[in-house]
Amino acid sequence: MEREQMHTHVQEGLIFLKWVLYACSIGLLVGAVAIAFHYGIDWAAELRGEYPRVVWLLPAGGVSIVLLYRICGMERDRGTNLVLVAVREAEPLKLRTAPLIFLSTIITHLVGGSAGREGAALQLGGSLAAFVGRKIRLDAKDSRMMVMCGMAAAFSALFGTPLTAAIFAMEVVSVGVMYYAAMVPCVTAALVSFQLAKLCGLHMEDGYDITQVAELSPVSMVQTAALGLLCALVSILFCKVMHAAPHLYQKYFPGTLLRVTVGALLVLALTVAVGNQDYNGAGDAVIRRMLAGETIPEAFLLKILFTALTLGAGFRGGEIVPVLFTGCAFGTLVGPLLGLPHSFSGALGMAAVFCGATNCLLSSLMLAFELFGGGGLPLYALCCGVSYMLSGYYGLYSEQKIVYSKFKTEWIDKKAK
28 MEREQMHTHV QEGLIFLKWV LYACSIGLLV GAVAIAFHYG IDWAAELRGE
78 YPRVVWLLPA GGVSIVLLYR ICGMERDRGT NLVLVAVREA EPLKLRTAPL
128 IFLSTIITHL VGGSAGREGA ALQLGGSLAA FVGRKIRLDA KDSRMMVMCG
178 MAAAFSALFG TPLTAAIFAM EVVSVGVMYY AAMVPCVTAA LVSFQLAKLC
228 GLHMEDGYDI TQVAELSPVS MVQTAALGLL CALVSILFCK VMHAAPHLYQ
278 KYFPGTLLRV TVGALLVLAL TVAVGNQDYN GAGDAVIRRM LAGETIPEAF
328 LLKILFTALT LGAGFRGGEI VPVLFTGCAF GTLVGPLLGL PHSFSGALGM
378 AAVFCGATNC LLSSLMLAFE LFGGGGLPLY ALCCGVSYML SGYYGLYSEQ
428 KIVYSKFKTE WIDKKAK
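With the sequence shown counted from 1, adding 27 to any position gets you our numbering.
Everything labelled a hint here was simulated from the structure, so no lab data went into it. What you were told as hints is all true, and nothing was included just to trick you.
Below, simulated EDC-like cross-link-like pairs (lysine to aspartate or glutamate); rule was C-alpha separation at most 16 Å, straight line:
#1 K168 with E116
#2 K121 with D104
#3 K45 with D169
#4 K428 with E116
#5 K121 with E102
#6 K45 with D166
#7 K428 with D440
#8 K441 with E116
#9 K442 with E116
#10 K168 with E118
The whole structure should be built from the sequences, with the hints applied where relevant.
See the structure below:
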């Protein structure tokens, strides 16, 4: 009996060492590619900032992206949804996804499409990790864990939030079920890629500056809960508009080339109408302006519209930074009206709208902690909890499974709307 137990412990120790080795390797490989991706996005944004007229190349950029995917036989690519299916059902991920999302997202940012990069990072990291898993002949269960490591590593290197990246990779696939076996591999991969990114000069500053945090009190709890309720509605709006856009494009504009051209022209027209490029690209600079004290009443609606028109037309990129932008804009608008400090309201809005749109409660709390520090964490938890519960079963990713009810201890196993 003791010999059997000893054998079991040895086997478990070997499995532990195996996954630490795999995770470190994925952290280095995916981290290196994600760092190059980060610099590519930064280069595109800086070039557009220096030469604003590049935005007039939006139609050409859109057409080039569609043709790239068509030439590579990936025109029907489902984006991040395919990565979620790969984790849950061991669906194969093609290696060509990585260079395609790498190039197409940079093109989107260069010409002024409204998109983020972290959602694209999930595809980038997932496809690279899946390729490595195939090469070393992992079985289906281990391949799923490898894909999660890749997702965590890419997210961490790009956004500089390793703990959020690890938890998000484990939480986003099936809401209500956490793949705890993936904790050590995902955290290891995320930390390795994060440290590599820091060595390469990224993420030298921690998160965002919040000038004032509300004290925990009965009044601030009521104010925060009210903001959480409103953020839930905003997250539903974001998801519904994002899902409606591609369907409307397909209904009225047959053909992918026509759709992306029309979408580019609509984004161009909106850019001209607004009179600036605050809503083109990811919008991190505008987020910092709003957290520093600026209020832009129409910003949250315009960012939703710009992003839906961009990604719905066929441009490529992520959804997460636009979600954070929307949450910050809404929070800084409504929070002070409820009596909350301005910058803290923006931070609450970012975390709560992210939570409502992704259905990832723990990731949202970790995001708030890593971006804004530990001050006010109970209020972040309250705001995110209310947003999670009242955002219904909507979600950014249609392949996301919501396993347990948000209102009862009940198994429902349904896809996000």
